[in-house]
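Chemist: The chain contents come next:
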Amino acid sequence: MSNKRNEVWVFIEQRDGKPADVSLELLSKGRKLADNMKGVLKSVVIGHDVKNIAVESFKFGVDEAILIEHQELKHYRTLPYNRIMNELVEQHQPRVVLFGATIIGRDLAPRVASHTRSGLTADCTELKISEVEYLGKKFDDLLLQIRPAFGGNIIATIITPDVHVQMATVREGVMEMHTVEKPKQVKITEVPYIPNEIDNLIRLIEQHREESKVNLKSAPIIVAGGYGLGTKENFKFVQELAHTVGGEVAGSRAAVDAGFIPHERQVGQTGVTVRPKLYFAIGISGAIQHRAGMSEAKKIVAINTDPDAPIFEISHYGIVGDATDIIPKFIEAYKSRLK
Amino acid sequence: MTNDKEPSTKYKQPRTKEMYNSIVLVKQVPDTTNISGQVMKEDGTVNRSKLPAIFNFEDKVALEFALQIKDKYGGKVTAITMGPPRASDVLRECLYMGADEAYLITDRKFAGADTLATSYVLSEAIKKIGNYDFVFAGRQAIDGDTAQVGPQTAEKLNIPQITYAEEILDVKNRTARIRRKIEGGYEILESKLPVLVTVIKDAAEPRPFSAKRVMAYKGAKSLLELEKMVEGNSLLYTDQLVHEYQSRSLFIPTLTTDDLNVDVERCGVKGSPTKVFSIESVVLAGGDHVRIENSRIGMNMLIDKLMEDHIFG
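Sequence lines, in order, name chains A and B. Taking our numbering, the leading residue of the first sequence gets 87, the next gets one more, and so forth. Taking our numbering, the leading residue of the second sequence gets 1053, the next gets one more, and so forth.
For reference, chain A alone in the conformation it holds in the complex (with noise of 0.2 angstroms):
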């Protein structure tokens, strides 16, 4: 291994110049994680006019930001992105990569992750670096790689003991996102692109895209429903409990593979993880995987006809019945209550 030091990176997604959400919570976790291995902290800024990213990412740990900048980078390309992030995990060989698990990271990622064989993990919902004993080995610096598997009820921990460089992927909302108290120094190292035939294999025609106007992840009150409502019918219920109460709809992947609700409204590990100050689960069994995205609310309401839903056993209040004849009631209640 050419690099004596333990470098922890995280590829900043940026888009039309900004840069995502997921990709500063991984700053923050990846300040953790490099602290704990007592490596250094690189952030990897790719596109055209995006030194403020670089100069940004510091506010959230950062030691050094690699930045490429280029016109032809501006958008995201698989091609180039990719002949890009190989040669530079090649060449420094960093012990940990992250990636957010939107569609740009689940594009690029596996197949850096392929070309420099290294492991990944698609969608951790932790993250931990540890001395491990596998298989009768003493190992450091391990990326432990948390993640729920195989239909729920299972959390697995992966690890890549044999190679060095360990890779995982994230889901927007499941780390913290934090400043630090005291930034480093700006330290940016620049490193030119060198156009390639190969990268125009694919060309861009054209792009059309509108910032999401759903903001779960700051809601402090979710109403969610899953494929227990049973029809897309049933799934204005909800819809209405939400607007009585001022929350934001959501739902289980259940309920989004059922067409209830698009998937941009969805709570979990392959959705959004949010912590808002109260939620309703109602017609959701509560899966490992739904769970991951929504267990640290403050408050949990469940509503379910499975008096047996592992969804009781995290909630804070359970009514056991159907969701379409509790909820008018509930919203009577309310409204006599509280307007």
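No wet-lab data here; the hints were simulated from the structure. It is possible that some hints are incorrect.
[As the list claims (entries may be wrong)] Pairs of lysine to aspartate or glutamate, EDC-like flavour, derived with a Cα cap of 16 angstroms: (1) A:Lys384 - B:Asp1361; (2) A:Lys363 - B:Glu1360; (3) A:Lys385 - B:Asp1361; (4) A:Lys385 - B:Glu1360; (5) B:Lys1233 - A:Glu292.
[What the hints assert, rightly or not] Just so you have them, the derived chain A footprint on chain B, three or more residues with Cβ under 8 angstroms: (6) 1159 to 1172; (7) 1202 to 1209; (8) 1237 to 1248; (9) 1318 to 1329; (10) 1347 to 1355.
[As the list claims (entries may be wrong)] Just some of the chain A residues that point at chain B, by a computed CB distance under 8 angstroms: (11) Arg192; (12) Asp193; (13) Pro196; (14) His201; (15) Ser204; (16) Ala208; (17) Gln293; (18) Lys385; (19) Gly404.
Note that CB positions come from ideal geometry on N, CA and C, so glycine has one too.
Go by the hints and put chain B onto chain A.
Modeler: Relative to chain A, chain B alone:
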């Protein structure tokens, strides 16, 4: 292994300019979407053996994409899967939908593969089959949700990739225009062929099985299935059966380490950098939540509690 039928020879006649061949990666997965009480063990863990094995849905959408290319431009559709012998089930379903050929990639040495080792073997199988313009795959499989095998296979083939595809707009002069999903919208990309494309579940409605094709292919068998038949009957010989099934286009060719140019150190458990260090069953302890009665009184009590918690009011 007696794979005397060289893959794809049947289709090596000169192609017209606008014919495009596709290889589709499919996977048989445990149905983790509807885990009910019946598959839960008493200790609160999932009884995997009770989960039915199903065709990963997004891979079916990928196959539909390939069949649409074939319908529009001509060409051949080949489905491949890596898995245990029983994964032949999904290959038969591919044939029912319209695939021209299906390969089972199976070997004990492939077992326990993570996404890196899986994509390595798949890429070698694709090289062996050859003569492709598109590789299609579902965005991800429901048993792991990693979405890694598609991009990693593309990387190993050293070809471009388009993930999260929603629609193939057109294919002209060996260039495909594809719309893909991005956060909050979409983008249109133009890729030279060959390209690997992963598709999302809403991208297309997989066509139903053709009754005619079900009748024609329900007897299709892989080498391992033919060997099983021979085991139970002293009058049958494997080579003879293989020959017979091949001549009736009912043979599902099998690719093993012997057939592929693979380094066994890079396959299966050995070739997988990710190791499961520990598994913790999430056993649900009895919670101490407050049961609220389903009644007007109950609702008022709940509102009182939430006011005490300083959430309402």
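Chemist: Hint by hint, say whether it matches the structure.
Modeler: Quick rundown of the hints versus the structure:
no.	hint	result
1	A:Lys384 - B:Asp1361	holds (9 angstroms)
2	A:Lys363 - B:Glu1360	holds (13 angstroms)
3	A:Lys385 - B:Asp1361	holds (8 angstroms)
4	A:Lys385 - B:Glu1360	holds (12 angstroms)
5	B:Lys1233 - A:Glu292	holds (12 angstroms)
6	1159 to 1172	holds (count 4)
7	1202 to 1209	holds (count 6)
8	1237 to 1248	holds (count 9)
9	1318 to 1329	holds (count 5)
10	1347 to 1355	holds (count 7)
11	Arg192	holds (5 angstroms)
12	Asp193	holds (5 angstroms)
13	Pro196	holds (4 angstroms)
14	His201	holds (6 angstroms)
15	Ser204	holds (7 angstroms)
16	Ala208	holds (4 angstroms)
17	Gln293	holds (4 angstroms)
18	Lys385	holds (6 angstroms)
19	Gly404	holds (5 angstroms)
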